[in-house]
Amino acid sequence: SAVISQKPSRDICQRGTSLTIQCQVDSQVTMMFWYRQQPGQSLTLIATANQGSEATYESGFVIDKFPISRPNLTFSTLTVSNMSPEDSSIYLCSVEEGGYGYTFGSGTRLTVV
Amino acid sequence: KQEVTQIPAALSVPEGENLVLNCSFTDSAIYNLQWFRQDPGKGLTSLLLIQSSQREQTSGRLNASLDKSSGRSTLYIAASQPGDSATYLCAVKGSQGNLIFGKGTKLSVKP
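So the sequences go chain by chain: R and D.
Using the working numbering, read the first sequence as starting at 17 and increasing by one per residue.
Using the working numbering, read the second sequence as starting at 33 and increasing by one per residue.
Okay, chain D solo, but in the shape it has when bound:
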């Protein structure tokens, strides 16, 4: 059974710092991995999608990497801003076809 773990559970940083969020999964047989952002009480906003054949994806200040063989992904946020404060969720699409989510990393960026 696929399990997704995100570390750390919470993170507080001063504005301007570069930071890394980690995601690990137990079954490397995935189709893709997707990073989402969730603001309190709201839905999910897709940030980056990495197909199983890809190593990384970039969008603006965000860069996500995927090492399928070791079951790991990282989300790198450059020059963090207070507006980046949110919960970041990692999800993998496995052989069953549905998404398996981690519990998220709650990020707080202090001005």
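So that you can see chain R by itself, here it is in the shape it has in the complex:
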């Protein structure tokens, strides 16, 4: 199955600033998915990123807050903009591969102070 390198693994950020999270996949994939996991909660899909087109955002998530780039078939970034303490979560990227299901990155643990 694919291997995903995600960074940073964790960060502590000041409110009002932005953080960009990177995911690198060791194979070419059509779609990459970005999830958020708030403390004590399960995973919620933020958006789906296709190479060469705008990301598709789920209800409750907007591009101005979570801009996504997908410059090629192996790489994507998610930016958390104008952060507030409510953005403190684990952010994860994921890809789907037919017979293997979904594979996830190691996650980025974000704390906003």
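Source of the hints: derived by calculation from the structure; they are not laboratory data.
Check each hint, because a few of them may be wrong.
Across the chosen pairs, the derived CB separations fall in these ranges [as the list claims (entries may be wrong)]:
(1) Ser-101/D <-> Pro-87/R: 40 to 48 Å
(2) Lys-33/D <-> Ile-79/R: 22 to 30 Å
(3) Asn-50/D <-> Asn-98/R: 48 to 56 Å
(4) Val-52/D <-> Glu-102/R: 35 to 43 Å
(5) Ser-101/D <-> Thr-127/R: 39 to 47 Å
(6) Ser-85/D <-> Gly-76/R: 30 to 38 Å
(7) Gly-68/R <-> Asn-50/D: 45 to 53 Å
(8) Leu-89/R <-> Val-45/D: 39 to 47 Å
Below, in silico cross-link-like pairs of lysine to aspartate or glutamate (EDC-like), each with a Cα-Cα straight-line distance of 16 Å or less [said to hold, decoys possible]:
(9) Lys-74/D <-> Asp-27/R
(10) Lys-33/D <-> Asp-59/D
(11) Lys-81/R <-> Asp-103/R
(12) Lys-100/D <-> Glu-88/D
(13) Lys-23/R <-> Asp-42/R
(14) Lys-33/D <-> Glu-74/R
A few chain D residues that face chain R, going by a derived Cβ cut-off under 10 Å, partial list only [stated by the list, open to error]:
(15) Phe-68
(16) Gly-75
(17) Ser-78
(18) Leu-80
(19) Leu-81
(20) Leu-121
(21) Ala-123
(22) Gly-129
(23) Asn-130
(24) Ile-132
Quick caveat: nothing in here was measured; it's all calculated off a predicted structure.
The beta-carbon is built from N, C-alpha and C at its ideal position, and this holds for glycine as well.
Since chain R is already given, all that's left is putting chain D on it; use the hints.
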């Protein structure tokens, strides 16, 4: 709207016990179901993937079953070890194509 429920929310067992984690989903029109393990503050590790046409999958001490018509899956862990301590997440891939997660079962295996 698909909803996934996991019971129990937390479980503490002594080492060596066999245990069962439960997952239920409201819409039986799924493509597959996947079990994950999550260690604190970390990403997800895939344990088992069951396609909608399959009844069960096995990997080592883990066995997952799927009863699509009743909207249920179970994860059986044999001879539990302290290293099995983690949160176990169940997720279904539905007709919309994305994964819907349960809230997980937090397992603690005591030496």
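- [ ] Find the hints from earlier in the document that the structure breaks and name them by number, from lowest to highest.
- [x] Of the numbered hints given earlier, the structure breaks none, since each of them holds.
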